[in-house]
Amino acid sequence: MLNWLLPTLIGVLLVLAGIGAVRRMNLWRAGQADKVDLLAGLLAMPKRYLHDLHHVVERDKYMSRTHVATGGGFVLAMVLVVWVHLFGIDSKILAWALLAALVMMFCGALFVYKRRINPPSRLSKGPWMRLPKSLLTFSVTFFVLTLPAAGLPIVGKFPSGTGGWLLTLVLSVLILMSLGEMLFGMTWGGPMKHAFAGALHLAFHRRPERFGGGRSTGLKAAILGETSHGVAKPTDFKWNQLLGFDACVQCGRCEAVCPAFAAGQPLNPKKLIQDMVVGFAGGTDEKYAGSPYPDGSGGVQEVGKAKGGPNQIITEGLINPDTLWSCTTCRACVEECPMMIEHVDAIVDMRRFLTLEKGETPNKGAQVLENIIATDNPNGYAPASRTHWAADQNLPLMKDVKQADVLFWVSDGAFDMRSQRILRAFVKLMKAANVDVAILGDEELDSGDVARRLGDDATFQSLAKRNLATLSKYRFNKIVTTDPHAFHCLKNEYGDFGGDALLSISGESVEVLHHTTFLNRLVKDGRLPLDTFKGGKVTYHDPCYLGRYNGEYEAPRELLASLGIDVAEMERSGYRSRCCGGGGGAPITDIPGERRIADMRMEDVISTGADMVAVGCQQCTAMLEGVVEPRPVVKDIAEILAGQLIDRPLVDSQLADSQLIGEVR
Numbered sequence: 001m002l003n004w005l006l007p008t009l010i011g012v013l014l015v016l017a018g019i020g021a022v023r024r025m026n027l028w029r030a031g032q033a034d035k036v037d038l039l040a041g042l043l044a045m046p047k048r049y050l051h052d053l054h055h056v057v058e059r060d061k062y063m064s065r066t067h068v069a070t071g072g073g074f075v076l077a078m079v080l081v082v083w084v085h086l087f088g089i090d091s092k093i094l095a096w097a098l099l100a101a102l103v104m105m106f107c108g109a110l111f112v113y114k115r116r117i118n119p120p121s122r123l124s125k126g127p128w129m130r131l132p133k134s135l136l137t138f139s140v141t142f143f144v145l146t147l148p149a150a151g152l153p154i155v156g157k158f159p160s161g162t163g164g165w166l167l168t169l170v171l172s173v174l175i176l177m178s179l180g181e182m183l184f185g186m187t188w189g190g191p192m193k194h195a196f197a198g199a200l201h202l203a204f205h206r207r208p209e210r211f212g213g214g215r216s217t218g219l220k221a222a223i224l225g226e227t228s229h230g231v232a233k234p235t236d237f238k239w240n241q242l243l244g245f246d247a248c249v250q251c252g253r254c255e256a257v258c259p260a261f262a263a264g265q266p267l268n269p270k271k272l273i274q275d276m277v278v279g280f281a282g283g284t285d286e287k288y289a290g291s292p293y294p295d296g297s298g299g300v301q302e303v304g305k306a307k308g309g310p311n312q313i314i315t316e317g318l319i320n321p322d323t324l325w326s327c328t329t330c331r332a333c334v335e336e337c338p339m340m341i342e343h344v345d346a347i348v349d350m351r352r353f354l355t356l357e358k359g360e361t362p363n364k365g366a367q368v369l370e371n372i373i374a375t376d377n378p379n380g381y382a383p384a385s386r387t388h389w390a391a392d393q394n395l396p397l398m399k400d401v402k403q404a405d406v407l408f409w410v411s412d413g414a415f416d417m418r419s420q421r422i423l424r425a426f427v428k429l430m431k432a433a434n435v436d437v438a439i440l441g442d443e444e445l446d447s448g449d450v451a452r453r454l455g456d457d458a459t460f461q462s463l464a465k466r467n468l469a470t471l472s473k474y475r476f477n478k479i480v481t482t483d484p485h486a487f488h489c490l491k492n493e494y495g496d497f498g499g500d501a502l503l504s505i506s507g508e509s510v511e512v513l514h515h516t517t518f519l520n521r522l523v524k525d526g527r528l529p530l531d532t533f534k535g536g537k538v539t540y541h542d543p544c545y546l547g548r549y550n551g552e553y554e555a556p557r558e559l560l561a562s563l564g565i566d567v568a569e570m571e572r573s574g575y576r577s578r579c580c581g582g583g584g585g586a587p588i589t590d591i592p593g594e595r596r597i598a599d600m601r602m603e604d605v606i607s608t609g610a611d612m613v614a615v616g617c618q619q620c621t622a623m624l625e626g627v628v629e630p631r632p633v634v635k636d637i638a639e640i641l642a643g644q645l646i647d648r649p650l651v652d653s654q655l656a657d658s659q660l661i662g663e664v665r
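No gaps in the numbering here: position 417 of the sequence shown is 417 in UniProt numbering, and each next residue is one more.
Bear in mind the hints are in silico, worked out from the structure with no lab data behind them. Glycine included, C-beta positions come from ideal geometry on N, C-alpha and C. A portion of the hints provided could be inaccurate.
Stated by the list, open to error - Calculated pairs, BS3-like style, for lysine-lysine (alpha carbon to alpha carbon, straight line, at most 27 angstroms): (1) K47 - K238; (2) K399 - K465; (3) K402 - K431; (4) K307 - K125; (5) K35 - K307; (6) K61 - K47; (7) K402 - K287; (8) K238 - K465; (9) K465 - K402; (10) K287 - K238; (11) K114 - K92; (12) K478 - K431; (13) K35 - K220; (14) K478 - K399; (15) K61 - K114; (16) K428 - K220; (17) K465 - K478; (18) K287 - K114; (19) K358 - K428; (20) K358 - K238; (21) K47 - K287.
To be verified - Okay, the calculated beta carbon distance ranges per label pair: (22) G643 - D392: 17 to 25 angstroms; (23) V144 - F87: 16 to 24 angstroms; (24) Y575 - A374: 34 to 42 angstroms.
Using the sequences provided together with the hints, build the complete structure.
Below, the structure is given as structure tokens:
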């Protein structure tokens, strides 16, 4: 009886899974069009899965090995099940290969089972708790069914009569339980849907530049002048963004690194992605079995009340706007996601609707945006005061000299007394290295970072185009800035508005550099004589927009090492650095939480026993210095280096000049 029942069951389940796949794809296709090379994506998918995805999964050695055994075993076993049991190919080699794949899958499933006995709080429970049983049942059931095909004499024939019927019934039930769970779970929205959606997400990813070791962190430009801007309802997302939401495995690694979630603000990136799935599929979040959103006061928001549909406004019943405004855009969630989902893109897309269409930017958000529009800086300072900090610095203006080797992009630190100390320290270092430098002065406008993260892409684009028009008038080889946020905009986001063409000298692209990268070059070239630092133990805080956004982790550390400093690394450093809480306009929208993110980061600093925390960002400096004392000293790396400069002996020409001046006096 198994001769016809087994292939029939497998065939029926595969057909039903195919129907589910078509249904799921139609849900994704309800999203907006996005140009994707389908064939190239499908061809690239295996490499992206085996290399790029596992590069992230490999950070957790336990789950990496578990995933290789379980996922790899299942994929291989499923292919061989079709050949051996559906098509009835009589080959002992294939049968033995199937047995080996099932054994590998069984071993992986045991690790999954062990993981689920006492799972970390970040893992979703509910339907996921039965996954180990389904995996084990599948591997054992098909192992038994494959033994005769492998020609093992000990089980050469299944019993006949009542025993045969009973065994057939048991095996049929087990096939339906295990194979049904696997296939239906993949295409009808069960625990295994990430396996189906995830593979296609890798193939049709909205940011293919991320694969193969690439980096893609600049926000996509909003198309202005349309009837509506931003994402109001799920179908406003691009179709491959909806696909990406379905790829979520609910591992909670994003939740574990989210600074807003840790601070008790009403954001959990895992729950956010699952709410997006509820939105495009329709229904409520009552089946969500993971950590809920915090409520901002030490409790949690009740699960089961959020409702959504493909054409329903997201912030009117599915997601509270405060959830979106809690995000610092630090990209910790994106960096940690094994399925390479783009949480920040989705959040800013939804912010654009709230800001551009509804004018609902909370707290000081609206005032800041008005200030930027009126005065070209977030705090509303008189534009003419942008160069007051440099009154005694003798810095040439670009409009006077027309060209220089380095254009120093001052950014809005020019208006802040604390940041001005960083600017002066950097200028001191450039002068010591005899750098040919100039500034734009009053011609420099805000980079637009704050406006863009708050969802006002119209203001950002206006600023970008005006700044590019100014830059195009002059000649320079490098733009250097002490502000990682401006650095990111200039390097990664201005290109969408003609920046790649305008920022060029004789056909060669202009380098956009963070000041730590530039200073590190000067030190390596021997242009900055530095004394050994003797100021105590130092740790280093990685700014999000320098590290995760732009991959610069080494230059700041090499600079500190050049001073003889052995950096006392925090537990969360490098790509896992905890955000200071200052990005994404978070200090402006100021959504209440149980704790302050900056306080948590300072606790990380204190745990190292450091006397000083070195930073490379004006915003990080402000946030960390805002922590109540006693605490370690906070200094920008430029300030530390400037304090260790060794005065050069006067060369002959300088000595002659000084003598002449003395004679005149």
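We went through each hint and held it up to the structure:
Distance check on the hinted pair: K47 and K238 sit about 24 angstroms apart at the alpha-carbon level, within 27 angstroms; holds. Distance check on the hinted pair: K399 and K465 sit about 18 angstroms apart at the alpha-carbon level, within 27 angstroms; holds. Between the alpha carbons of K402 and K431 the distance comes to roughly 19 angstroms, so the proposed pair stays at or under 27 angstroms and holds. For the hint linking K307 to K125, the alpha-carbon distance of about 21 angstroms falls within 27 angstroms, and the restraint holds.
A distance of roughly 30 angstroms separates the Cα atoms of K35 and K307; the hinted pair therefore is violated under the 27 angstroms criterion. Between K61 and K47 the alpha-carbon distance is near 20 angstroms, which keeps this suggested pair within the 27 angstroms criterion. Distance restraint check for K402 and K287: the Cα-Cα separation of roughly 63 angstroms exceeds the 27 angstroms cut-off, and the hinted pair is therefore not satisfied. Proximity of K238 to K465 is assessed by CA-CA distance (about 26 angstroms); at most 27 angstroms being required, the pair is judged to hold.
Proposed proximity of K465 and K402 is supported: the alpha carbons are some 20 angstroms apart, at most 27 angstroms. With a C-alpha separation of about 25 angstroms, the suggested pair K287 and K238 falls inside the 27 angstroms cut-off, and the hint holds. Note on K114 and K92: the hinted pairing is violated, with a Cα-Cα distance of about 33 angstroms set against a maximum of 27 angstroms. The suggested pairing of K478 with K431 holds, with an alpha-carbon distance near 16 angstroms, which does not exceed 27 angstroms.
For the hint pairing K35 with K220, the CA-to-CA distance comes to about 13 angstroms; that is within 27 angstroms, so the pair holds. At most 27 angstroms may separate the alpha-carbon atoms for a hinted pair to count; K478 and K399 meet this at roughly 17 angstroms. As the CA atoms of K61 and K114 are separated by approximately 15 angstroms, the hinted pair is consistent with the 27 angstroms bound. With a C-alpha separation of about 37 angstroms, the suggested pairing of K428 with K220 is violated against the 27 angstroms cut-off.
In summary, the hint linking K465 to K478 is supported, as the alpha carbons are separated by about 19 angstroms, within the 27 angstroms threshold. Taking the CA atoms of K287 and K114, the gap is about 24 angstroms. The hint holds against a cut of 27 angstroms. A distance of roughly 46 angstroms separates the Cα atoms of K358 and K428; the hinted pair therefore is violated under the 27 angstroms criterion. Of the supplied pair hints, the one linking K358 and K238 holds, its CA atoms being roughly 21 angstroms apart against a limit of 27 angstroms.
A threshold of 27 angstroms between alpha carbons decides the hint, and for K47 with K287 the separation of about 34 angstroms lies outside it, so the pair is violated. Evaluation of the 17 to 25 angstroms hint for G643 and D392 yields a pass: the beta carbon distance comes to about 19 angstroms. Hint check: V144 to F87, Cβ distance near 20 angstroms, so the stated range 16 to 24 angstroms holds. Distance hint check for Y575 and A374: the Cβ-Cβ separation is about 38 angstroms, which falls inside the suggested range of 34 to 42 angstroms.
In the structure shown, a violation is registered for the earlier hints numbered 5, 7, 11, 16, 19 and 21, in ascending order.
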